[in-house]
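Residue numbers (my numbering), protein chains in the order written: chain A, 3 to 119; chain B, 179 to 289.
Treat the hints as calculated values from the structure; they're not laboratory data. Please note that a few of the clues may not be correct.
Using C-beta positions, here's what the derived DEER-type ranges look like [what the hints assert, rightly or not]:
{"id": "1", "chain 1": "A", "residue 1": "4", "chain 2": "B", "residue 2": "239", "range": "16 to 24 Å"}
{"id": "2", "chain 1": "A", "residue 1": "42", "chain 2": "B", "residue 2": "223", "range": "19 to 27 Å"}
{"id": "3", "chain 1": "B", "residue 1": "192", "chain 2": "A", "residue 2": "29", "range": "40 to 48 Å"}
{"id": "4", "chain 1": "B", "residue 1": "233", "chain 2": "A", "residue 2": "18", "range": "46 to 54 Å"}
{"id": "5", "chain 1": "A", "residue 1": "119", "chain 2": "B", "residue 2": "289", "range": "34 to 42 Å"}
{"id": "6", "chain 1": "A", "residue 1": "98", "chain 2": "B", "residue 2": "233", "range": "23 to 31 Å"}
{"id": "7", "chain 1": "A", "residue 1": "18", "chain 2": "B", "residue 2": "232", "range": "46 to 54 Å"}
{"id": "8", "chain 1": "A", "residue 1": "9", "chain 2": "B", "residue 2": "284", "range": "23 to 31 Å"}
Just so it is clear, CB atoms sit at the ideal spot from N, CA and C, and this is done for glycine as well.
Residues per chain are reported as follows:
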Amino acid sequence: EAGVTQFPSHSVIEKGQTVTLRCDPISGHDNLYWYRRVMGKEIKFLLHFVKESKQDESGMPNNRFLAERTGGTYSTLKVQPAELEDSGVYFCASSRTGGAQSNSPLHFGNGTRLTVT
Amino acid sequence: AQSVTQLDSHVSVSEGTPVLLRCNYSSSYSPSLFWYVQHPNKGLQLLLKYTSAATLVKGINGFEAEFKKSETSFHLTKPSAHMSDAAEYFCVVRSNYKLSFGAGTTVTVRA
Numbered sequence: 003e004a005g006v007t008q009f010p011s012h013s014v015i016e017k018g019q020t021v022t023l024r025c026d027p028i029s030g031h032d033n034l035y036w037y038r039r040v041m042g043k044e045i046k047f048l049l050h051f052v053k054e055s056k057q058d059e060s061g062m063p064n065n066r067f068l069a070e071r072t073g074g075t076y077s078t079l080k081v082q083p084a085e086l087e088d089s090g091v092y093f094c095a096s097s098r099t100g101g102a103q104s105n106s107p108l109h110f111g112n113g114t115r116l117t118v119t
Numbered sequence: 179a180q181s182v183t184q185l186d187s188h189v190s191v192s193e194g195t196p197v198l199l200r201c202n203y204s205s206s207y208s209p210s211l212f213w214y215v216q217h218p219n220k221g222l223q224l225l226l227k228y229t230s231a232a233t234l235v236k237g238i239n240g241f242e243a244e245f246k247k248s249e250t251s252f253h254l255t256k257p258s259a260h261m262s263d264a265a266e267y268f269c270v271v272r273s274n275y276k277l278s279f280g281a282g283t284t285v286t287v288r289a
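For reference, chain B alone in the conformation it holds in the complex (with noise of 0.2 Å):
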């Protein structure tokens, strides 16, 4: 079975600062994995996702990712954090058409 763990539960960065959010997977083969954000009261929007192209993976608002398999992890990073940056970030993995969450990543952002 395929999973992901975010090693963080809350992240506080402050603006303009660096972001990091840290996610392991463990998975039997190559894996497809997503970083979806959600904002107070919306849904949850997708911010990027790995499906074994370029490791290297750019997503909105300024976010990427990477896909490290020697680590099995797939952090997310931004350069410099913006206030409208603080949401419920959420590593997933897909098996067909199923996705497994992680359990998800605080961030504030102070001003």
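So that you can see chain A by itself, here it is in the shape it has in the complex (with noise of 0.2 Å):
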């Protein structure tokens, strides 16, 4: 099966600009997530779709990141408008249905990393 695939690999943007990030879950997978480590630091939890509902986005920095799911495929990730602090790798992930305390692990994608000039 193919796996989490990510685009665009790198994008490197101007301070103010606008980037959209897009994450292709492995086919079936109704859990959706995406994180993201900035630089020297863990990688945090940006939030987690079920099909196509945001079940936690307690981990988004702030209103100028946006996340969708529009029918329960893949999810888009927009920064508008980007700030340096953004820089960083985006990381998005699924998993299989199986609730809260499933054990289906989570398979990654390659990353995004997105560089904020």
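Got two chains here, separate frames each, mind docking them using the hints?
Written out as structure tokens, the structure is:
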């Protein structure tokens, strides 16, 4: 089966511009997650979708970040306007249905490296 | 809240020698623990997971980890390092659907 794919792999934008990251989960995976790692910091949870619904967006840093998952398939994460501190690697992951206590492993994509100059 | 602490930010070993990556966790109940690896320009790959079954967990590429509740540890080991093991390794604890990552340990392997 195809893995989690993310696009683009790299993005360099200027402060104030808008960037949209895309994630295609593994087919049939209802759960989709966004994580990010800013320079020198730990990988942090951003949000979790179950199908098209946002289950938890407690990790979203501020209202400049907007995530969508229309139709419960692929997801986009838009940053508008981008700031310097948004630079980092944004990871997407997906897992099968199984509920909150499921042990279904998360499958990660290769990440999108975002650089804001 | 659950968390993990990776005790070493960098580990350097010679090819063919053992590898030990240390991880301590903090959890109010029996945790689900994982080790992930990230090779350069690649995604995060699951090495192994502990989910309250056997305390000694075997993973891919010859890695294994032992869950020790009395020490709140989940150290990752491999008896003989290979050049391809050079990567960054993350100890992870899961609370419901949310993963909490350690800071990562970068492994370099000397020929």
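Status of the hints after comparison with the structure:
no.	hint	in the structure
1	A:4 x B:239: 16 to 24 Å	holds (22 Å)
2	A:42 x B:223: 19 to 27 Å	holds (22 Å)
3	B:192 x A:29: 40 to 48 Å	holds (43 Å)
4	B:233 x A:18: 46 to 54 Å	holds (52 Å)
5	A:119 x B:289: 34 to 42 Å	holds (38 Å)
6	A:98 x B:233: 23 to 31 Å	holds (26 Å)
7	A:18 x B:232: 46 to 54 Å	holds (53 Å)
8	A:9 x B:284: 23 to 31 Å	holds (27 Å)
The structure shown violates none of the earlier numbered hints.
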